[in-house]
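J.: From first to last, the protein sequence lines stand for chains X and E. Residues 6 to 94 in this note's numbering are what the first sequence spells out, letter by letter. Residues 402 to 647 in this note's numbering are what the second sequence spells out, letter by letter.
Errors might be hidden in some of the hints.
As the list claims (entries may be wrong) - Cut-off 27 Å, straight-line C-alpha distance, at most; resulting in silico cross-link-like pairs (BS3-like, lysine-lysine): (1) E:K607 - X:K81; (2) E:K482 - E:K463; (3) E:K463 - X:K85.
Said to hold, decoys possible - These stretches of chain E come out as covered by chain X in the derived footprint (C-beta under 8 Å, 3 or more residues): (4) 468 to 481; (5) 516 to 530.
Said to hold, decoys possible - What follows is a set of in silico ranges between Cβ atoms, one per label pair, in the way DEER data are often shown: (6) E:K638 - X:T65: 45 to 55 Å; (7) E:T525 - X:T65: 40 to 50 Å; (8) X:Y51 - E:A480: 33 to 43 Å; (9) E:V634 - X:C50: 18 to 28 Å; (10) X:L40 - E:G629: 31 to 41 Å; (11) X:T65 - E:L562: 20 to 30 Å; (12) E:G629 - X:L15: 26 to 36 Å; (13) X:Y51 - E:N545: 19 to 29 Å; (14) X:A21 - E:K638: 27 to 37 Å; (15) E:K549 - X:S14: 42 to 52 Å.
None of these hints come from the bench; they were simulated from the model. We put the beta carbon where it would ideally sit given N, CA and C, even for glycine.
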Amino acid sequence: MKHIVKILSLLVAISAFWIGLLQAAIVPRSHTWLLPIYFVVSLGCYGLLMVGIGLMQFPTCPQEALLLQQDIAEAKDFFKHKGVDVGSD
Amino acid sequence: MAEEKETKGGKKYKYSIIVPTYNERLNIALIVYLIFKHLRDVDFEIIVVDDGSPDGTQEIVKQLQQLYGEDRILLRARAKKLGLGTAYIHGLKHATGDFVVIMDADLSHHPKYLPSFIKKQLETNASIVTGTRYVKGGGVHGWNLMRKLTSRGANVLAQTLLWPGVSDLTGSFRLYKKSVLEDVISSCVSKGYVFQMEMIVRATRKGYHIEEVPITFVDRVFGTSKLGGSEIVEYLKGLVYLLLTT
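Only chain E is shown next, with the shape it has when bound in the complex:
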């Protein structure tokens, strides 16, 4: 019988961390380093779903595989940019963990919060643990007043219309029980950040136990991608869609 580490209840769980990437040559290496640093005694695998990055992201991942082991870092690439939702589905197919973590590759999500996600889930036996930026202990850095205003306004509108049961709807730093992610993702059809909203709202409607942990979010790309009128329209369309179909 292989060695079994003693954890709560004597069972050792495995965590699959899915990281979709596109042109994250530097960040993917940093993320991998930080995950290994903060999850020292945890059984996990990192699944990198790269959409054919032209900047050499996959070459870096291969070097990381040499360093950390191909059983710890899985490269499951795709030919071109195919979207976030399908990236998760693709990663899920190769996940062998009991739980699946999804996170962004651009370091806005810091791996140091992974232990708190895991701890929260073990304590509460939640189906989903979602990171929230909007509670005490969490926070955002890198947003100007206008951006905070739109975020707050969007959140109040969504809370009023959808009663979602979570404080941060558009966040994408989450831990799911593998079966729960498979169930929820199969019923979601939206794209982009509306997809993240759809996932958590559908999970709430299906009655899954959802817990939150505070996370900090350092936005390093906000300066380059402004929140324009089209994003706001997309968001409102997404809200109406979720209002009518969930």
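In isolation and in its complexed conformation, chain X is listed as follows:
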């Protein structure tokens, strides 16, 4: 099944549930009408939260730059001794 079909089915199921709530009136209608807005806003907040958390926990590796420089020096040295002219960056 294509992914978009899965997503649309999910949306249809949620909409059916919402319409069901409207008709059954278990929850006061005025609240039910606002549910889609609450849903979208919560989704947006959740997204922002995930971005914020991800940003705070973003893994960095400053030591890797140093290790890379060492590797580059080692490689350049090797090639100098083998007569391969790698030139400069």
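Use these hints to put chain E onto chain X, whose structure you have.
T.: Leaving out everything else, chain E in the frame of chain X:
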């Protein structure tokens, strides 16, 4: 019968490493040195797909061939810049390994992670092992706050819309079973980094077993190529395309 080294299950696998290059005269030599350093007991070949670099990349590769052997380093060049996707396809045609590794030539992908890709695949029998920068043990160096923010935002958006099954969608440091790469690449049509996303999403949709290993990514070119508005638009267009067609 030729000597057969004992590995897991007694079978020795060969790995084809495809490195597309354009003006990577220095970096290609460094990459080759590091691959040989970190894959000492592994049967592999390096396939350099150069798109007619004017800086003499191919001359360096020929010198490397003299040093390491033409059976270990294959130069399969093309006349001009023809794009990443076709570079992989071109390299694939000449690959004789059981597995294919794709990686960048600019040293943002460090060959020292190659053993962990191989180990992960042997342990799990995965069809694809993809490197991820975004988990513990991985990481990025050389990105400012803005760049990290866009990366994180793009990732959350992609995860929400596509449910891709991997944490790093745009990464291009991956190991594939050769038949799996051939299958996935034949159904991909995008360009640039959207192509990398398309590959992994299509692989997920096809039900292939995908594993991840942490990698570190040292961005040495970020300073020169800013992430502009057009890149963001391209990315969003790519997301919508993948949402609708996979």
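J.: If a hint holds in the structure, say so; if it does not, say that too.
T.: Results for each hint:
1. The suggested pairing of E:K607 with X:K81 is violated, with an alpha-carbon distance near 43 Å, which exceeds 27 Å.
2. Of the pairs offered as hints, the one joining E:K482 and E:K463 holds, with about 20 Å between alpha carbons and a cut-off of 27 Å not exceeded.
3. A distance of roughly 16 Å separates the Cα atoms of E:K463 and X:K85; the hinted pair therefore holds under the 27 Å criterion.
4. Residues of the segment 468 to 481 of chain E with a Cβ under 8 Å from some Cβ of chain X number 1, which does not satisfy the need for three, so the listed coverage is violated.
5. Check on the segment 516 to 530 of chain E: 0 of its residues sit with their Cβ under 8 Å from a Cβ of chain X, so the three-residue criterion for coverage is violated.
6. About 30 Å separates the C-beta atoms of E:K638 and X:T65, a value inconsistent with the hinted range of 45 to 55 Å.
7. The hinted range of 40 to 50 Å is not satisfied by E:T525 and X:T65, whose Cβ atoms lie roughly 28 Å apart.
8. Under the hint 33 to 43 Å, the C-beta atoms of X:Y51 and E:A480, about 50 Å apart, miss the expected range.
9. Separation of E:V634 from X:C50 is about 25 Å and conforms to the stated range, judged on CB atoms against 18 to 28 Å.
10. As the Cβ distance of X:L40 to E:G629 is approximately 39 Å, the hint placing it in 31 to 41 Å holds.
11. The given range of 20 to 30 Å is respected by X:T65 and E:L562, whose C-beta atoms sit roughly 27 Å from each other.
12. Against the hinted window of 26 to 36 Å, the Cβ-Cβ separation of E:G629 and X:L15 comes to about 34 Å, which satisfies the hint.
13. Here the CB-CB span from X:Y51 to E:N545 is close to 26 Å, well matched to the stated 19 to 29 Å.
14. Under the hint 27 to 37 Å, the C-beta atoms of X:A21 and E:K638, about 31 Å apart, fit the expected range.
15. Restraint check, E:K549 to X:S14: a C-beta distance of roughly 35 Å breaks the suggested window 42 to 52 Å.
Violated hints, listed in ascending order, are 1, 4, 5, 6, 7, 8 and 15; each of the other numbered hints is respected by the structure.
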